[in-house]
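> Here is how the chains run, residue by residue.
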Amino acid sequence: MKTAETRPAEVDEATDRMWTSRLRRLWLAKLPPDKLLPDRQPAYVASWIYVFGVLSIAAFLVILATGLVLAFAGPAWYHSSSAGHLTNSLHFWGTQLFLMFMVIHLWGKFWMAAWRGRRALTWVTGVIAFVASIGTAFTGYLAQSNFDSQWISFEAKDGLNTVGVGAFFNVTNYGQMLLIHACLMPLVVGFLVVWHVLLVRRRGIVPPLEAFSNDVPDVVKPTEDARS
Amino acid sequence: MSRRTPTRADVATQEWTGPSRHYDIVKEGVIALVVVSLLTVGLAILFGSPDEPSLTFKGWATSAPDNFYATTVAELAGTSESAGYGPPYNSAADGLAVGPLNPQQWFGVTHAVDPPNDFVITPLRAQQAPPSAGAALKLWDTATSEQQTTWATNYDTAITAAEGDLTHVADGQYGPVPALALALTDMASAGSLDGILMAQGNFYQTDYTKQILFMGDGSYLDDAATAAHLQGNTWGMMNETGSYPGQAWLWLYSVWYQIPQTNSDGTWLTDHADPGIFYVMMILTLLLLLVPFIPGVRSIPKWIPIHRLIWRDYYRGQRTS
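Chain order of the listed sequences is G and F.
Under the working numbering, the residues of the first sequence are numbered 122 to 349, in order.
Under the working numbering, the residues of the second sequence are numbered 165 to 485, in order.
Hints were generated in silico from the structure; no laboratory data involved.
Positions of the beta carbon are idealized from the N, C-alpha and C atoms, including for glycine.
Be aware that one or more of the hints could be misleading.
Claimed, not checked - Quick list of in silico lysine to any residue cross-link-like pairs, SDA-like style, CA-CA up to 25 Å:
1) G:LYS151 <-> F:TYR187
2) F:LYS191 <-> G:PRO153
3) F:LYS302 <-> F:GLY355
4) F:LYS466 <-> G:LEU242
5) F:LYS222 <-> F:THR274
6) F:LYS222 <-> G:LYS156
7) G:LYS156 <-> F:ILE195
8) F:LYS191 <-> G:VAL315
9) F:LYS222 <-> F:SER353
10) F:LYS222 <-> F:GLY328
11) F:LYS222 <-> G:TRP198
12) G:LYS151 <-> F:THR181
13) G:LYS151 <-> F:SER184
14) F:LYS466 <-> G:TRP232
15) G:LYS156 <-> F:ARG185
16) F:LYS466 <-> F:ASP477
17) G:LYS156 <-> G:ASN267
18) G:LYS151 <-> F:PRO183
19) G:LYS151 <-> F:VAL190
20) F:LYS302 <-> F:GLY242
21) F:LYS222 <-> G:SER201
22) F:LYS191 <-> G:GLY311
23) F:LYS222 <-> G:SER202
24) F:LYS222 <-> F:ASP350
25) F:LYS302 <-> F:SER356
Unchecked claim - A short list of chain F residues far from chain G (calculated; beta carbon distances all over 10 Å):
26) PRO229
27) THR243
28) GLU327
29) HIS332
Bound conformation, chain G alone (with noise of 0.2 Å):
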């Protein structure tokens, strides 16, 4: 017990070894809270394809709050009640919106070649986001217990059984779809989401192609370069 000898000096290092300051530390250097949540952007950030992003993420946040009630509710409830089915449609149309935000937001960062400078990653997790949307979905149409559902996956086995999936992911099983699709499947886009967002925090927004040195003081004009 040492305790009551520890000196201040011996307490600070103490404290800077403890695996949550280093966490603190590391998070603060890689993030800290003006990149997290600025209140400036560069002035090239000005045009509507920024906004589909976010409405991709808003969109989300419908389709988790609607599927909660739809959760509590019971899978049934949406086939016999004007408000479940009322609920239901709000998820069916948050799927619709949140799947064609995030097509036009990749299509966006495409043409502005958004994983340069050091950003692959971020398009990266963004792609596997949009993936594993799509499985959230094809889950989603699984789990609705009615005709689509049926024929969906009396279709869907075949393809999933000759590539081998189908011994351990099967589409006619309802009770694994349903939760794959209510317990999983939120969890992996909303990390992939999570993860993709603290990403563009971090790099910051690409600025555009060719762009110039005069915005950037340390970097030199292509002609100087040139010259140099």
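Keeping the supplied structure of chain G fixed, place chain F upon it in accordance with the hints.
Chain F only, in chain G's frame:
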């Protein structure tokens, strides 16, 4: 030692220190949430959502009794699609191989389905059978499996020869098979088969593998899907019932099923369309994921200057500066 000369690429790498402007991302997020919520409510109220009731065995047996009857015989004879499917349901076939790859076999039978017993005999045993069905079941149980197969196959062949018209099936040695098929058709028509297939001896049940396979062996499910424009060759993968957008994001997956090479009966490409298209889509998805690392592909945005529209204010500012 010369100082490294910064390049254009460094502009993207470095912290932006050029012109900036106020940008309230929290306010933007709240406005986006309100707008999307209102848009969703409006679309939901205006258009609702698709919810076509599920098909039932009762519906099948009452609207297409001959097809249900013939399918029951095919299940007993082992000639249905389910009976000859292979992994993961049974070992009746090897599965579809593409070249040396046959992943359908890798994990073996993981969801065992025994069509004659699961779809016909066990459900018939589960109810208080009429005397004719009781006697047929007793005769079936006392016969050897070879005898059972012979009866069922003979009858299945005769029905096929009569093109499904049960009034023109030739007489033959069919044993108890006609009585069993009739009993199951009656059972389904009365609505009790739906419950018995669902329960499968348990109180709780959430796995519909057997019901989906059985229903898919007949023409009832397929006809309903055709009527709803849900077949694969009519963009069924991305369509859904009614006039709703469906899974439009599967358009590229769906495209491959529209080309004649994956749509013609008896061709190798059509037979292997499912695994082939799956692999193609996996490769395309991987390419999309790796766009930043693929020379040429990652330069497309530079060659096609759509970015000039996105950042038109910035480029306009450059010209005037």
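> State for each hint whether it applies.
Going down the list of hints, with the structure as the test:
1. For the given pair, LYS151 of chain G sits about 21 Å from TYR187 of chain F by alpha-carbon distance, which is consistent with the 25 Å threshold.
2. Simply put, LYS191 of chain F and PRO153 of chain G have alpha-carbon atoms about 20 Å apart, close enough for the 25 Å limit, and the pair holds.
3. For the suggested pair LYS302 of chain F and GLY355 of chain F, the alpha carbons sit about 24 Å apart, so the restraint of at most 25 Å is met.
4. The suggested pairing of LYS466 of chain F with LEU242 of chain G holds, with an alpha-carbon distance near 20 Å, which does not exceed 25 Å.
5. A threshold of 25 Å between alpha carbons decides the hint, and for LYS222 of chain F with THR274 of chain F the separation of about 29 Å lies outside it, so the pair is violated.
6. With a C-alpha separation of about 62 Å, the suggested pairing of LYS222 of chain F with LYS156 of chain G is violated against the 25 Å cut-off.
7. With a CA separation close to 21 Å, the supplied pair LYS156 of chain G and ILE195 of chain F stays within the 25 Å bound.
8. Proposed proximity of LYS191 of chain F and VAL315 of chain G is supported: the alpha carbons are some 18 Å apart, at most 25 Å.
9. The suggested pairing of LYS222 of chain F with SER353 of chain F holds, with an alpha-carbon distance near 5 Å, which does not exceed 25 Å.
10. Taking the CA atoms of LYS222 of chain F and GLY328 of chain F, the gap is near 20 Å; set against the 25 Å cutoff, the hint holds.
11. A hinted pair counts as satisfied when its Cα atoms are at most 25 Å apart, and LYS222 of chain F with TRP198 of chain G qualifies at roughly 23 Å.
12. The straight-line distance between the Cα atoms of LYS151 of chain G and THR181 of chain F is roughly 18 Å, inside the 25 Å bound, and the hint therefore holds.
13. Between LYS151 of chain G and SER184 of chain F the CA atoms are separated by roughly 21 Å; this keeps the pair inside 25 Å, and the hint holds.
14. Only pairs whose Cα atoms come within 25 Å are accepted, and LYS466 of chain F paired with TRP232 of chain G is accepted, the gap being roughly 8 Å.
15. Of the pairs offered as hints, the one joining LYS156 of chain G and ARG185 of chain F holds, with about 15 Å between alpha carbons and a cut-off of 25 Å not exceeded.
16. At most 25 Å may separate the alpha-carbon atoms for a hinted pair to count; LYS466 of chain F and ASP477 of chain F meet this at roughly 18 Å.
17. With a C-alpha separation of about 47 Å, the suggested pair LYS156 of chain G and ASN267 of chain G falls outside the 25 Å cut-off, and the hint is violated.
18. Restraint check for LYS151 of chain G and PRO183 of chain F: satisfied, since their Cα atoms lie roughly 23 Å apart, inside the 25 Å limit.
19. The suggested pairing of LYS151 of chain G with VAL190 of chain F holds, with an alpha-carbon distance near 21 Å, which does not exceed 25 Å.
20. Note on LYS302 of chain F and GLY242 of chain F: the hinted pairing holds, with a Cα-Cα distance of about 20 Å set against a maximum of 25 Å.
21. Between the alpha carbons of LYS222 of chain F and SER201 of chain G the distance comes to roughly 20 Å, so the proposed pair stays at or under 25 Å and holds.
22. Restraint check for LYS191 of chain F and GLY311 of chain G: the C-alpha separation of about 21 Å stays at or below 25 Å, so the hint holds.
23. A threshold of 25 Å between alpha carbons decides the hint, and for LYS222 of chain F with SER202 of chain G the separation of about 24 Å falls inside it, so the pair holds.
24. Our distance criterion of 25 Å between C-alpha atoms is met by LYS222 of chain F and ASP350 of chain F, whose separation comes to about 9 Å.
25. At roughly 21 Å between alpha-carbon atoms, LYS302 of chain F and SER356 of chain F fall within 25 Å of each other, so this suggested pair holds.
26. No beta-carbon of chain G comes within 10 Å of the beta-carbon of PRO229 of chain F; the shortest separation is about 20 Å.
27. A cut-off of 10 Å between C-beta atoms confirms that THR243 of chain F is not in contact with chain G; the least separation is 18 Å.
28. Residue placement check: GLU327 of chain F keeps its beta carbon more than 10 Å from all beta carbons of chain G (closest about 25 Å).
29. HIS332 of chain F, annotated as away from the interface, keeps every beta carbon of chain G farther than 10 Å; the closest lies near 30 Å.
Comparing the model with each numbered hint stated earlier shows that hints 5, 6, 17 do not hold.
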